[in-house]
Amino acid sequence: MNFSYTPEQEAVKGMMEEFVAKEVTPYAAQWDKEEKFPWDTVRKMGELGIFGTALPEAYGGSGLDAICHAIVAEELGKGCSSLRGIYSVQISLVAKTIAAFGTEEQKQKYLPGLAAGTLFGCFGLTEPNSGSDAASMLSTAVEDGDSYILNGNKMWITNAGIADVAVIYAKTDKNAGPKGITAFLVDRGLPGFSTKDIHGKLGLKASNTAEIIMDNVRVPKTNVLGSVGKGFAIAMSTLDNGRYTVAAGCVGSAQAALDYAKKYAKERNQFGKPIAAHQLVQQLIADMAVDIECGRLLVYKAGHMKNLGQKSTKEVCMAKYYCSEMVNRVAYKAVQVFGGYGFSDEYPVERIFRDARINTLYEGTSQIQQLIIGNFELGMSAFV
Amino acid sequence: MEIIVCIKQVPDTTEVKIDPEKGTLIRDGVPSIVNPFDEYAVEAALRLKAEKGGKVTVITMGPPQAVEALRKCIAMGADEAVLVSDRAFAGSDTWSTSYTLAKAISSLGKFDLILCGKQAIDGDTAQVGPGIAEHLKISQITYVQKVFGIQDNTVAAERGVESGYELIESPLPVLMTIDKSCCVPRLPSMMGTVKALKKEIKTLTVNDINLEPGLFGMEGSPTRVKRTFTPQPRKGGRMITGEMHEALDELVKTLRDEKIV
Ligand SMILES: Cc1cc2nc3c(=O)[nH]c(=O)nc-3n(C[C@H](O)[C@H](O)[C@H](O)COP(=O)(O)OP(=O)(O)OC[C@H]3O[C@@H](n4cnc5c(N)ncnc54)[C@H](O)[C@@H]3O)c2cc1C
Ligand SMILES: Cc1cc2nc3c(=O)[nH]c(=O)nc-3n(C[C@H](O)[C@H](O)[C@H](O)COP(=O)(O)OP(=O)(O)OC[C@H]3O[C@@H](n4cnc5c(N)ncnc54)[C@H](O)[C@@H]3O)c2cc1C
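As you go down the protein sequences, you meet chains X and Y in turn. Residue numbers for the first sequence follow the working numbering, beginning at 1 and rising by one. Residue numbers for the second sequence follow the working numbering, beginning at 1 and rising by one.
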């Protein structure tokens, strides 16, 4: 057993720390307030090869391991959860899916751009009436000569408003349940494909979330991702990657909340001493620190298994479930340490608190993670 | 175009502590960084290379752990890195540091341009750059705020002076010390970071450089630190508030009482 970073992981962490400290943290509050998609920073991430960290070298990536992938998400999560979400979708949900299931032609077409941040992707599974029960989707794809005609709506899709390509899941066979779902690579600009931005979110305000509307979109058969009828399996495998970086991002956000709380606790005086010297404040800090450490170890354990090529679905679910709940506990306590000042957007813990909330909802709610873990533990599916 | 950039590893803090007995800097326990001015020099070098082609070599004189600073510069995009390191160099002052660096640079072969930071944030003397130029008997342009480019083997640069700026042209080879307004240093890239880890870094010891005996290390350092002290921290100023004419009266009275006017 070895709990140390390799020199490579250490170097990636150092590089990301500097990037986040200089290019992300100073601006995150402003992006949030203005609901501004951080284009400049996202482009810089592309130029510096951050998107390509864990993508194959043959397609413009750096070919680094799963722990480095987590470190990138963790460090981005420290500075801005919206940015971490942009990374997660671009890489975990789109690029890694194409790398795993795409044809050589599809990989050549999309991966170098996704790695360089000159091309953006989104992942369209959820629909207005189909969330946790993804297989109940209503979007359809009907074969027509050398194409499929796609119809339907996708809801709550991260990056959809800015993406050049969408991984879209639709039913090629309405009567085959999950086995009737197929994944498509749908280019923006195809006639009948449009998006509508969603506003008024509680958090992740600097990230784009949009609805996708597909009205007779003709998609060439060469853009089927994986094979026909394998879409649901691809989606589940994809979420395995996505949940991993969500969990890592939660660790980073929670760590940032703890760091801010520690600094504030030493500076703020009440009853004639720094609040950090009050036992009940130390209890808050200690609980936060332990909670974060547990989450980080779950993420790295899952990453370690990924590096060994082992199946890690259960461990990823555990990490995602634990870390997403953990960051909410930690952000809650960080606000507590700040007292009334924590309730104000003058301090970053207010944003971390709002941004934390999404994590127990997307990429499978906490209840869905519990059901998956329960199924692994008991060998009994409780999904109905 | 062969460009050499001299970089120094410095403690990451403005609160450098000094060993009161030896009069030297205490570096233990303080995280190290590349001297911020030197990152500007690396950036300026990388831009000239992008324009003119060639190679950027970073060089530092320091203890073995200074390779970390060299790796950072490789991650930014420098091509080669050289560590000048030997116990025999311990205790070097700015004279022998610049002498040793000048000789080390000569030992590397032909160069067109040497870039240094304006100053190191710990030692702060701004002497090493000019010292290297003197030892190598080449021209120097200090406090460079802008590099216009290189044409016909001549570099054109803008140099900051107290009363404004000077425009200077100099034939190559030349040494320039780079100020912060020159450019904004790039951040290391992911690929650069990985490349830097694997990069072999050349080390030069006292035996690899053609140095005259007695001119390097403590022995070659004419500077003697007689005494060091920490200056008293400044007391906060006093705000004079109230109606303008009353405040002015108060100000004039205070200046008179304190015998300032
Ligand atoms: C900001 C944001 C970004 C998003 N980005 C994307 C994206 O990029 N791509 C994408 O495809 N989707 C995305 N989503 C959608 C997200 O994944 C879904 O919201 C999520 O899967 C939950 O679905 P739902 O909202 O329909 O909730 P529902 O499925 O309606 O769930 C409502 C509640 O019922 C519970 N519940 C449901 N079924 C069960 C059960 N069997 N047992 C116990 N409890 C149950 C849930 O846990 C939850 O508490 C995003 C959502 C948001 C808010
Ligand atoms: C009596 C005396 C004893 C000393 N003993 C020691 C000692 O034992 N150990 C010790 O670490 N220091 C010692 N020093 C400090 C050392 O001499 C200086 O740190 C060094 O000469 C650089 O000077 P500076 O920091 O003022 O750099 P500046 O002259 O301000 O630096 C200007 C530029 O020169 C270049 N440069 C400076 N130093 C280097 C370097 N080492 N390698 C490559 N490029 C460089 C950089 O580009 C830098 O931006 C001693 C100094 C004195 C006076």
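Worth double-checking, as some hints may not be accurate.
Partial chain Y-side listing against chain X, Cβ under 7 Å, derived [stated by the list, open to error]:
(1) 33
(2) 187
(3) 188
(4) 189
(5) 190
(6) 194
(7) 197
(8) 207
If you are wondering where the hints come from, they were derived from the structure by calculation, not from laboratory data. The model shown is predicted, which means the values in this text are computed figures rather than measured ones. Positions of the beta carbon are idealized from the N, C-alpha and C atoms, including for glycine.
Verification of the hints:
1. 33: This hint is violated: residue 33(Y) lies away from chain X, its Cβ roughly 10 Å from the closest one there, beyond 7 Å.
2. 187: 6 Å, holds
3. 188: At 5 Å from the nearest chain X Cβ, residue 188(Y) passes the 7 Å test, so the hint holds.
4. 189: Since chain X brings a Cβ to about 4 Å from residue 189(Y), closer than 7 Å, the hint holds.
5. 190: 4 Å, holds
6. 194: 6 Å, holds
7. 197: 5 Å, holds
8. 207: At 29 Å from the nearest chain X Cβ, residue 207(Y) fails the 7 Å test, so the hint is violated.
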